[in-house]
Amino acid sequence: MIENDDGLSREDAARLRISQISTLFVEMRTLLAKWLHDAGPAADATNKQMMNKINELQGAHMMVLRAEEAFHDKFDTDEIADGIDYDAARDDIGRELDRLRAAFTAGAVFERSHDRTD
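Residue numbers (my numbering): 1 to 118.
Keep in mind the hints are simulated off the structure, nothing from the lab.
Heads up, a few of these hints could be off.
Beta-carbon label-pair distances, calculated as ranges [stated by the list, open to error]:
1) Asp91 x Val26: 30 to 40 Å
2) Arg29 x Ile93: 40 to 50 Å
3) Arg10 x Asp73: 15 to 25 Å
4) Asp12 x Ala60: 24 to 34 Å
5) Ile93 x His72: 52 to 62 Å
Bear in mind that the values here come from a model prediction, so they are computed numbers and not experimental data.
Idealized CB from N, CA, C, for every residue including glycine.
Modelling step: build the complete structure from the supplied sequences, incorporating the hints.
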């Protein structure tokens, strides 16, 4: 199994990164929601500067939600959750290639022996 500098396998490192990023998204959503709550409803804002700030916060909140959704769509696949054993897959592929090479070599030897005229 291939390990990174932290001694984690690729799969474990990927799971750790996904977990850390998911936690970051939760913290960002929580902070943005708090700021929106502290700012009060947009209808209660009396000056233009406050309205602009609320709109910025709402826009940032929506961007975080879209980014989080896109992130999970891309990286939160069943393959990662199931933990593909890449080493076993490489071994299986290697064995299949060895069989193909052996069959090809045996076929070439067989053809050459039949092509000979004694």
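- Task: State the violated hints by number, sorted upward, taking the hints as numbered earlier in the document.
- Result: 5
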